[in-house]
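A.B. asks: Spelled out from the first residue to the last, the chains are:
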Amino acid sequence: ETGVTQTPRHLVMGMTNKKSLKCEQHLGHNAMYWYKQSAKKPLELMFVYSLEERVENNSVPSRFSPECPNSSHLFLHLHTLQPEDSALYLCASSQEIGGYTFGSGTRLTVV
Amino acid sequence: AQSVTQPDIHITVSEGASLELRCNYSYGATPYLFWYVQSPGQGLQLLLKYFSGDTLVQGIKGFEAEFKRSQSSFNLRKPSVHWSDAAEYFCAVGAREYGNKLVFGAGTILRVKS
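If you read the protein sequences in the order shown, they are chains A and E. When we follow the numbering used here, the leftmost residue of the first sequence carries the number 1, and every step to the right adds one. When we follow the numbering used here, the leftmost residue of the second sequence carries the number 1001, and every step to the right adds one.
Only chain E is shown next, with the shape it has when bound in the complex (with noise of 0.2 Å):
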């Protein structure tokens, strides 16, 4: 069965610091990974999505994910966290086999102290 995993429910960073959130997936075909950002309240906000090529991927606001086939992992990180990042931040996994359907991780939330 198609699974997505954030290990992290809770995150502090302090502003100015780096960030780094963690996704693994397990899904028996080639996935296409996604990083979507709710605001409380909001709808979810694509940050960014990998479907093949450059296994590094570069996103809106200043995020980027690396693609590890090997260790099945989609880690979404930015080197200089903002007080507005502060949000939940949900991974997703899909695969052309499975139609549209995506399947989401149960999110991981992000507070930013100053």
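Bound conformation, chain A alone (with noise of 0.2 Å):
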């Protein structure tokens, strides 16, 4: 149990479907990230939240969307995904510098 919580842990979809990933963190932290990681490329930060307000738009494609109702729960939402969108998105929190704290991630496939 890492304390940050990724479902699903795996997804399979066509390019014209709509998914959701969902990302739960208990450890009282005030920031929320995406970060997208896909094989032989460094880890991509997609977004920040801080305080439930987006502070960060890495200038991700708008068929990426997230959501961060609250300080605990941040959502990804997936529309028209292409399949070079396939890789493990990884969701983290954080407390001021203190360091992140990574969920397993959920290893997305689009077909």
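Among these hints, one or two may not hold up.
What the hints assert, rightly or not - Using 20 Å as the maximum straight-line C-alpha spacing, the simulated EDC-like pairs for lysine to aspartate or glutamate come out as follows: (1) A:K41 / E:E1088; (2) A:K40 / E:E1088; (3) A:K36 / E:E1088; (4) E:K1061 / E:E1015; (5) E:K1049 / E:E1020; (6) A:K22 / A:E56; (7) E:K1101 / A:E96; (8) E:K1049 / E:D1085; (9) E:K1101 / A:E53; (10) A:K36 / A:D85; (11) E:K1101 / A:E44; (12) E:K1101 / A:E52; (13) E:K1049 / A:E96; (14) A:K22 / A:E67; (15) E:K1101 / A:E56; (16) E:K1101 / A:E67; (17) A:K41 / E:D1008; (18) A:K40 / E:D1008.
FYI, nobody ran anything at the bench for these hints, they're computed from the structure.
Grab the two chains, each in its own frame, and use the hints to assemble them into the complex.
C.D. replies: Below is the structure:
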């Protein structure tokens, strides 16, 4: 149990589907993040939420839509994805600059 | 711009041998430094972190790292590697001036041969 829980662990979706990734933390952290990890590429920061407000959006395509309804939950809504969006999507949380706690990730395959 | 360099993409070490993974950073502020480990298909787990004080930091699983300001380095070491240490290792840097955001290196894949 890492303190950050991501569901589902695996997801296969067609390019016309709509799905959502969920992240939940019970660590009392005040910031949450979405990262994309593709094979042979560095971790890509997608979104940052601090105190439930989006503070960073790293030029992510609009087919990815984040939502942070409260300090414990973070969602990533997906629609009309492309095969190159297949990757491991990691959620993390942090309190101040104390370092991140990561979830186990969602392995997304777009077919 | 802030950056983190892990010069070695892959490293292979014999079981029982010592290990050193390199990390260099370029940061315009006093850095906070981290090492994470990732097993296949899993998230990243924090091994150790440096904020201030003693420049030699002890972490979990027998790892340690040394902060050398003059070399802008934060290398990870382990005196005797176990087969279960095979994984990918990420160095990360942050600073209070940049809020909570961490910048990650590209990672080093460690292979352990018996």
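A.B. asks: For each hint, tell me whether it holds in the structure or not.
C.D. replies: Verification of the supplied hints:
| no. | hint | in the structure |
| --- | --- | --- |
| 1 | A:K41 / E:E1088 | holds (13 Å) |
| 2 | A:K40 / E:E1088 | holds (11 Å) |
| 3 | A:K36 / E:E1088 | holds (16 Å) |
| 4 | E:K1061 / E:E1015 | holds (15 Å) |
| 5 | E:K1049 / E:E1020 | holds (16 Å) |
| 6 | A:K22 / A:E56 | holds (19 Å) |
| 7 | E:K1101 / A:E96 | holds (9 Å) |
| 8 | E:K1049 / E:D1085 | holds (18 Å) |
| 9 | E:K1101 / A:E53 | holds (14 Å) |
| 10 | A:K36 / A:D85 | holds (9 Å) |
| 11 | E:K1101 / A:E44 | holds (12 Å) |
| 12 | E:K1101 / A:E52 | holds (15 Å) |
| 13 | E:K1049 / A:E96 | holds (14 Å) |
| 14 | A:K22 / A:E67 | holds (10 Å) |
| 15 | E:K1101 / A:E56 | holds (10 Å) |
| 16 | E:K1101 / A:E67 | holds (19 Å) |
| 17 | A:K41 / E:D1008 | holds (14 Å) |
| 18 | A:K40 / E:D1008 | holds (13 Å) |
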